[in-house]
Amino acid sequence: MWEYSEKTLEHFLHPRNVGEVENPDGTALVGNIACGDALKLTFKLDEHGKIKEAKFKTFGCASAIAAASALTEMIKGMSVEEAEKLTNQDIADYLDGLPKEKMHCSVMGREALEKAIAHYKGVPVPEVEGKVVCECFGVTEPEIERVVRENGLKTIEEVTDYTKAGGGCEGCHEAIQEIIDRVRAEMKPATGTRPKLTNIKKIKMIEETLEREIRPALRQDGGDIELIDVVGNKVLVATRGACASCASVHLTLKGFVEAKLRELVWPELEVEEVSQ
Amino acid sequence: MTTIYLDNNATTQVAPEVLEAMLPYLRDLYGNPSSMHSFGGQVGRSLKLAREQVAALIGATPEEIIFTSCGTESDNTAIRSALTTSPGKRHIVTTRVEHPAIHALVANLAQEGYRVTELAVDGEGRLNLEHYAKSLTPDTAVVSVMWANNETGVLFPVEEMAVMARHKGILFHTDAVQAVGKIPIDLRNSAIDMLSLSGHKLHAAKGVGALYVRKGTKFSPFLIGGHQERGRRGGTENVASLIGFGVACELAGRNLEKENTTVKNLRDKLENDLLARIPNSRVNGDRQNRLPNTSNISFEYVEGEAILLRLNEFGICASSGSACTSGSLQPSHVLRAMGVPFTMAHGSIRFSLSIYNTEPEIDFVIEKFPPIIDELRALSPYWEVGQSVCETRDFGGV
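Chains as they are written, first to last, in the working numbering: chain A, 1 to 276; chain B, 1 to 398.
Do not take every clue at face value.
Residues from chain B that keep clear of chain A, each with C-beta distances beyond 10 angstroms, as calculated [claimed, not checked]: (1) Thr3; (2) Glu305; (3) Asp363; (4) Ser380; (5) Pro381.
Among chain B residues calculated to face chain A with C-beta under 10 angstroms, some are [as the list claims (entries may be wrong)]: (6) Tyr5; (7) Gln288; (8) Pro292; (9) Val302; (10) Glu303; (11) Ala306; (12) Leu308; (13) Asn312; (14) Ala323; (15) Leu329; (16) Gln330; (17) Phe342; (18) Thr343.
Don't read these hints as lab results, they were simulated from the structure. For every residue, glycine included, the Cβ atom is placed at its ideal position computed from N, Cα and C.
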């Protein structure tokens, strides 16, 4: 028997927000019956762009039902931008953890959310198109790359736990290992042994570096910089004061700000200017 | 909460008479049956009786019984022995629906260079005997075919198949772990050379099993050690549990009729009522040729683990062939071999009864079960969509 947390069992036995929202703004169906689980997610926004209502229907095991129930509870009240940042680990954490073999239920939740948001925005679903690696469960290369990157996965078994890929005929194990090796090599900073950076720590370090190393220099020229957001390795900033009207601000951002952040925070950071 | 135990193909409760018989050997009579003093010797005499009781249940002689630690050990011993004593023969015939004790073993043997034929089954879980006959070659060392399937209860015609193997000089083994104690077995006039059985499936304790080896069959031991079991299986005997095993076999012999009347009737009632009350459900396996205690039913568009955990809330114990309960990501290899559609395979539930189940228990399950399926179907995104499709679909003759 699986060791489910009390919260998982509670959400399974008393699922929240079951059903389908009428006239939804975003809707998505992920998974399929052959694979053993599927999730239909629908949501509706209020006049401020926040998620007013979210409902789900799930075919699947206890943790699939619980993860979907948790997901709908979590996103209610969020703006689309906030919901977009939700990770599969957030869903698992909300349920006080899932058995590792069941992590794919949290990934399915994140996928459904992403697809529903893409539907709302009228844009293609990010990162799911691609070469199918696992024929048994129809898992693509970008999907595997992503869970490896976001969850720091190291083994084929872990990839199977998170995506099901490799859990059938096992014919794709070699291909999965290659993806793990490649993604992990890409993740490794050039300097070698750097500890894994959580998003919160990354943002904190960026803010500190801006304050300590960058702003003093910009302020000497009457300019300033504001951190707007961090999405993965993209650092979104807005320029202020003299910088905002400076013709060579792009050079400053790439040559100075980005270089400093790469040196002191994370070697893969990319600075992008947004107008805010 | 009281437990309603309908998972007897997984394991069974130890019969009170079995426990009583075991206790003295756990308390006072701790002697080693191999010892040269009467303190140990009296234990040896009790073991002798246990061996006679086990042999009697299957129509064997006591010398044909080798005590083991479990069904898996019996299976491994039988196959390895057959291969060792058939030098030069490199082919094994078995089925796609065997228990992992055989299934995983032959997969290993295939890696060691043996050729393995796994016979297919049809939608009802039945073998094709013409295909079987063709699979037997001069290179075939051993055939291993289960007597009763643990998931569906479907019975294979092993006695007929053993005769066919004997005509070609091929050893025949059957994993009868699920069959012994549930259907009459008499090996006196059979061509079966080896048969595995297990204690805990018939109300003995866990940790004991036996391998029947027909007199005159060449044998090579699996566990090498002392002279226990006449040199055919080394290791000090699990005395108390084996003595309980003997009593359990005697009880099983006496309860065989009840098993095929009372237990069968309860099983049929449970099955028929659930099928009548729950649309889009069907029985997996040949209903005419089954163990009397087993029912494997699929409920379309719901997932088995979710059903089991809801049942658990009522103290009802059953099992499922769904992916989520199998520890792998695919539904049971038995249901897949039968070609059960995915919509059905993920929602399969196995009920397996015993003589200790009562009619009120079955009534309770019949009352609690349908609402669980209704609720889970209300959650399922496929239910409304699928329903209309299903009305006209042919499920393969159930």
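Checked hints:
no.	hint	in the structure
1	Thr3	14 angstroms, holds
2	Glu305	4 angstroms, violated
3	Asp363	24 angstroms, holds
4	Ser380	4 angstroms, violated
5	Pro381	4 angstroms, violated
6	Tyr5	15 angstroms, violated
7	Gln288	30 angstroms, violated
8	Pro292	28 angstroms, violated
9	Val302	7 angstroms, holds
10	Glu303	5 angstroms, holds
11	Ala306	5 angstroms, holds
12	Leu308	9 angstroms, holds
13	Asn312	9 angstroms, holds
14	Ala323	4 angstroms, holds
15	Leu329	3 angstroms, holds
16	Gln330	6 angstroms, holds
17	Phe342	4 angstroms, holds
18	Thr343	5 angstroms, holds
Hints 2, 4, 5, 6, 7, 8 from the list above are not met by this structure, while the remaining hints are.
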